[in-house]
Amino acid sequence: MTELPRSYADRDAVARTFDLFGFLSRYGTVIALVLLVAFNLAFTRNFATMQTLNVNLTQVCTIVIVAVGMTLVIATGGIDLSVGSLMAISGALAPMIFMGKILPIGSIYLGVAAAMIVSVLVAGLLGLFNGWLVARFRVQPIVATLVLFIAGRGIAQVMTNGNLQTFRVPEFQWIGLARPLDIPAQVIIMAVIVAAAAWALKKTLFGRCILAVGGNEKASELAGIAVSKIKLAVYGISGLCAGLAGLIVIAINSSSDANLVGLGMELDAIAAVAVGGTLLSGGKATIIGSLLGALTIQLVRYTLLANGVPDAAALVVKAGIIALAVWLQQQHRG
Amino acid sequence: MTRPPDGLFPLLLEMRDIQKRFAGIPALADASLSVRSGEVHALIGQNGAGKSTLIKVLTGYHRKDAGQVLFEGEPFEVHSPHQAQVNGISTIYQEINLVPLRSVTENICLGREQRRYGLLDWNAMHAEAERLLSRFAIGIDVRRPLGEFNTATQQMVAIARAIGFSARLVIMDEPTSSLDEREVGVLFSVIHQLKAEGVSVIFVSHKLDELYEVCDQVTIMRDGRTVRSAAMKEIGKLELVAAMLGRDVAAVEGHATAFGERDRSRIGDVMFSARGLGAGQAVRNVSFDLRRGEIAGFAGLLGAGRTETARLVFGADRPSAGQMTMEGAAYHPDRPADAIAAGMGFCTEDRKGEGIVPEMTVAENLTLALLPKISRNGVLDDSRQREIVERFIRELGIKCSGPNQKVRELSGGNQQKVLLARWLAMNPKLLILDEPTRGIDVGAKGEIQRLIRRLADQGLGVLMISSELEEVIEGADRIFVLRDGVSVTELEAEAANEEKVLTAMAHGTSASSEVTT
Ligand SMILES: Nc1ncnc2c1ncn2[C@@H]1O[C@H](COP(=O)(O)OP(=O)(O)OP(=O)(O)O)[C@@H](O)[C@H]1O
Ligand SMILES: [Mg+2]
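Residue numbers (our numbering), protein chains in the order written: chain A, 6 to 339; chain B, 921 to 1437.
Derived by calculation from the structure, the hints in this document are not laboratory data. Just so it is clear, CB atoms sit at the ideal spot from N, CA and C, and this is done for glycine as well. Be a bit skeptical, because a hint or two may be false.
[Stated by the list, open to error] Derived CB-CB ranges, DEER-like:
#1 Leu-285/A x Arg-1370/B: 43 to 53 Å
#2 Arg-1304/B x Ile-36/A: 36 to 46 Å
#3 Arg-1063/B x Ala-201/A: 21 to 31 Å
#4 Ala-324/A x His-1112/B: 52 to 62 Å
Assemble the whole structure, with the sequences as input and the hints as a guide.
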């Protein structure tokens, strides 16, 4: 009753029906990207430089990594609002460990390794907690993850007493600053995560189950799929992605501020997923789409800033783009 | 409505040379349909012939590529089902498209809420919903969410909703596919009433016998074309089938229900047994045995607890009382996965709600219960999947553009075939079939029934639920009659006939009761 498919076919051209909305919802993101690049080439000074590419790529990495986890969650018909707060927690925890505030560790390498592993795992465990609320108690995902969205940042602030942690630890900061083969390390990390997730979603049992659960939960249950485990897993993965992104952010900044790390990230990630063409109601998802969606959003922000549009106005434009993407999805559904 | 002198009412609806393509493939090539005022018009054809598409073109759900529509003599062009409704065409779609989480009242009154001082007047709406349902002899709590009721009840609610709009034309796309004989009777009396009020009805069904009871006129479609239109009383059933399939009358004789010959000698020892199963109000005391190679049928009225019992056996719900054994061992499934591990399959009656995954492809839907078997170390084996999928598309004659077509683009009957294939493909020892041939055309139905019989002869145990008594009586080796959640009687196939089963369904025991074991 709500999803009425319409084919806006040219009525005279009977033989060749062209579905404009279908076309736009499939290639819209790519078209938008191309248009944005073309616009910038024409109007933004110094756009076609390595520096611009670097700035944009390094900024987009964390959004993409979080959006990968978010894509999997949304594919099951859920949503994860807690990612920004989880980034803050992992970003607060890691320096405390490698700076020896929790317990002194002799070797800096050991300290950094422990910091990375523990803080990402903690974020993953908190993700599992989200999944547990959703799967075990059937709490609506938006409500379940709201708990950590609110409490998570508070926890990070309490952990650090609200203090800014600054550090200069190259052994740790390579994750945000190193450039092997002249490619930023976080770009490599992002590429690996995107490739792995895209492959998993298409080619593995796990990926198939995710889409089935999002497409029809009852049918999946009857077909013997362990629905609860799948949900636990996607929220857990989303937590891990957020934890990793938190580390990258603090490595770039050489500091960790629990008030700021990952602030607003949930919206950027959800926007990237929606713009990328993943169905927000679940059952249909594309990792590459989310990558393109994140690039689009990043480029919009860059374009506006580079051309002197204030940040607040940029937010409005971003909201407009999301609304457009979701509207296109609605037109094509059914 | 008084009959005009020439015996014919004026034309209400005329659809001429309608064409509709999906991604270049024609679904309607040249379809026409004319319906007179106060006429009940049957629309029939094989699965995928284009019946539902023609209806959706009329109601503005799809946009036609070419052709003309006249309604009450005027060109008729609407862009949404809502607009069609406002213009006097009320439709019950093949897949019930109501909102399961909302109350029955909300579903019935959706789109014409009653207000009082600007606020929704719930009391008035509950009363209105109850009034409409009482016409269908259905007394349910209209405040409860629709999704809590079984498919047949939901179907009746959908019908009540559609009738509630005062329409000139009511379209029913396979309204009876999930209804028992009794509900069908109620529906028919409502149709007669509508007819008396001068309302026209388009009636789609694969149950050809019932067409003769209510329909005046019939239009037959094949491959997106209208091949014949005739007065119902001038055309025999065989002729109907022949026109649908595009064959000679001689070629289709003996094509009807056909499970084939039973070979009772192949029935083995008891494979599954249930004793004193109970859960809530729906299932109170059900016991039965199922043997290897046997087709057992569940008979009972709406609300007898057949589907609910099947769900207990399959671990979809948990029993509060009773024991089950499977192959000699105690069996208590916590979830469907446990039942599947024990070698069971369960083809649900609720195709849309808990059967197909609409956004997934035919291949993905078909292998959904088979995933562990088509993957190695968690990675899917594409070639193994393709092999299985192609085999079943062939074997069941699933009409689709290929394994990668989205299943939601298939016609209702073909979606049903995909669902059946999902469970046949897992090669079960025990298969529970809840309305297995729901929405499947006469030709394919015989094929599927023969296939089930063949598998049973190879040792498969089948537990079959069907709203068509005929299907149970002809297909089953043994019939268990359920009444108000209690298994009251067991009949051997040879001894069973329609009368005995009906008596048992209504009163608990058959006249010459032969309660065994
Ligand atoms: N949205 C769609 N996209 C692509 N193909 C479609 C779509 N809807 C219907 N079709 C195709 O159009 C053809 C006619 O389908 P339709 O649903 O009208 O059949 P039907 O006569 O109602 O069959 P059934 O008896 O099984 O309900 C089928 O081959 C179907 O696959
Ligand atoms: Mg149909």
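Taking the hints in turn, this is what the structure says about them:
1. Leu-285/A x Arg-1370/B: 43 to 53 Å: At roughly 45 Å between Cβ atoms, Arg-1370/B and Leu-285/A fall inside 43 to 53 Å, so the hint holds.
2. Arg-1304/B x Ile-36/A: 36 to 46 Å: This hint holds: roughly 38 Å between Cβ atoms.
3. Arg-1063/B x Ala-201/A: 21 to 31 Å: 49 Å, violated
4. Ala-324/A x His-1112/B: 52 to 62 Å: 56 Å, holds
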